[in-house]
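Trainee: Next come the chains, spelled out residue by residue.
There are 2 protein chains.
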Amino acid sequence: MKLIQLNATVTASNDHDAQALRERMQAAGTLLVNVMSSPGSGKTTLLSRIIRDLPAVKIGVMEADIESDVDARRMEALGARSIQVHTSGMCHMDAGMTAAAWEAMESKELELIFLENVGNLICPAEYDTGASKNIMLLSVPEGDDKPLKYPLMFQKSDALVITKTDTLPYFNFDLEKCRERVLKLNPKLRIFPVSAKTGEGMRELEQWIKACLFRASDI
Amino acid sequence: MKLIQLNATVTASNDHDAQALRERMQAAGTLLVNVMSSPGSGKTTLLSRIIRDLPAVKIGVMEADIESDVDARRMEALGARSIQVHTSGMCHMDAGMTAAAWEAMESKELELIFLENVGNLICPAEYDTGASKNIMLLSVPEGDDKPLKYPLMFQKSDALVITKTDTLPYFNFDLEKCRERVLKLNPKLRIFPVSAKTGEGMRELEQWIKACLFRASDI
Chain A
93 MKLIQLNATV TASNDHDAQA LRERMQAAGT LLVNVMSSPG SGKTTLLSRI IRDLPAVKIG
153 VMEADIESDV DARRMEALGA RSIQVHTSGM CHMDAGMTAA AWEAMESKEL ELIFLENVGN
213 LICPAEYDTG ASKNIMLLSV PEGDDKPLKY PLMFQKSDAL VITKTDTLPY FNFDLEKCRE
273 RVLKLNPKLR IFPVSAKTGE GMRELEQWIK ACLFRASDI
Chain B
93 MKLIQLNATV TASNDHDAQA LRERMQAAGT LLVNVMSSPG SGKTTLLSRI IRDLPAVKIG
153 VMEADIESDV DARRMEALGA RSIQVHTSGM CHMDAGMTAA AWEAMESKEL ELIFLENVGN
213 LICPAEYDTG ASKNIMLLSV PEGDDKPLKY PLMFQKSDAL VITKTDTLPY FNFDLEKCRE
273 RVLKLNPKLR IFPVSAKTGE GMRELEQWIK ACLFRASDI
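For the protein sequence lines, the chains are A and B, in the order given. Taken in order, the first sequence gives residues 93 to 311; the numbers are from this note's numbering. Taken in order, the second sequence gives residues 93 to 311; the numbers are from this note's numbering.
Warning: the hint list may mix true and false statements.
Copies of the same chain look alike in the list, so a pair counts if it works inside one copy or between any two.
No more than 25 angstroms apart at the CA atoms, straight line, and that leaves these computed lysine to any residue pairs for SDA-like [stated by the list, open to error]:
1) 241 <-> 119
2) 241 <-> 140
3) 150 <-> 224
4) 248 <-> 121
5) 289 <-> 267
6) 225 <-> 244
7) 269 <-> 146
Bear in mind the hints are in silico, worked out from the structure with no lab data behind them. All figures in this text were calculated on a predicted structure; none of them were measured in a lab.
So here's chain A without its partners, still in its complex pose (with noise of 0.2 angstroms):
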């Protein structure tokens, strides 16, 4: 496991750099998918258990944290080619960090790259990473009403996973009600109820991701 510190470049021209990278990315067969949420909506356990369910894709992981790399050492022990990225106190990764990340991974063989995005529902939102696929998480527990109060993030994703489903008896969290404000936002959005302790709606999960793979063959 590498660790980088990395500072935030320009703005301005962060959209150029986002192209340029989901070019060159693309071009060397690797899917890079920013997952984006609140802190402790699950980021690290959906990520480790699609990891050891999909063993036969060469999976790598960017660690994205403003301290601490216990996230990048659960992803080694997996297995998984992993970064930690120490992002100097910013709140969001931008297409500059996220290009020197994968310099520093060395690893252009692999096919898939999670960025795990600082746990942040709202400036991760505001910056093109250069992945190929933005996806969000949002927890039972957190409520049915984000939508209503962070919008931009349901805009910017391809899918939401709706996280620890397995918790459902026990908060005010309706499914349905949560489905529509997200539709209403993003009419695209593919929504995954999911939970990654019991196994529940991995599969659909799964499968989605595996279809925007670079590649011909299936697995």
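Once you've looked at the hints, dock chain B against the given chain A.
Mentor: Below, chain B alone, put in the same frame as chain A:
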């Protein structure tokens, strides 16, 4: 309920503005408590409970959100003086925005104003709002590792409220380990484990808040 749309003020002068606001509010006898946490940690539910539990205290609430006015409406329904602040996409409140919200509330007679900051575990910790007390919430479903990843907010807070303790049986959250981690970051931090749902632990938190009020007589 009023709604105002605010833009961030210049950061360089924020510390100066914050100190000035703090002194003005203290002179007016109004305690400003800045409430910070991730989205979905239960800020609004906690404040609703406190308002109901302390009818003898004149309480107001500033609800800061990027969009929507659902929280301010909830406060209004409880009879609390409330104002909805829209932050123009900003991920935090600063002192200038808080001062403008206080002016707009036109309520110099309040003893206690809660500023429900934008749901974000990172950026709000970097801006002094002018509050005399800063409290943060960490909910049980978020996990006991959050102090390792987002240390600044734990360092900047006077009190940590661990919320949703009624869900402890369903999550792998070690209260003692969490206590150890946060006290290492901030030995003076007051810690209140509570369930706003069952009322467990609320009395201790409310006693502490009452002791912080700027008045001589007991409530």
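Trainee: Could you tell me which of the hints above the structure violates, numbers in ascending order?
Mentor: Per hint list: 1, 7 violated.
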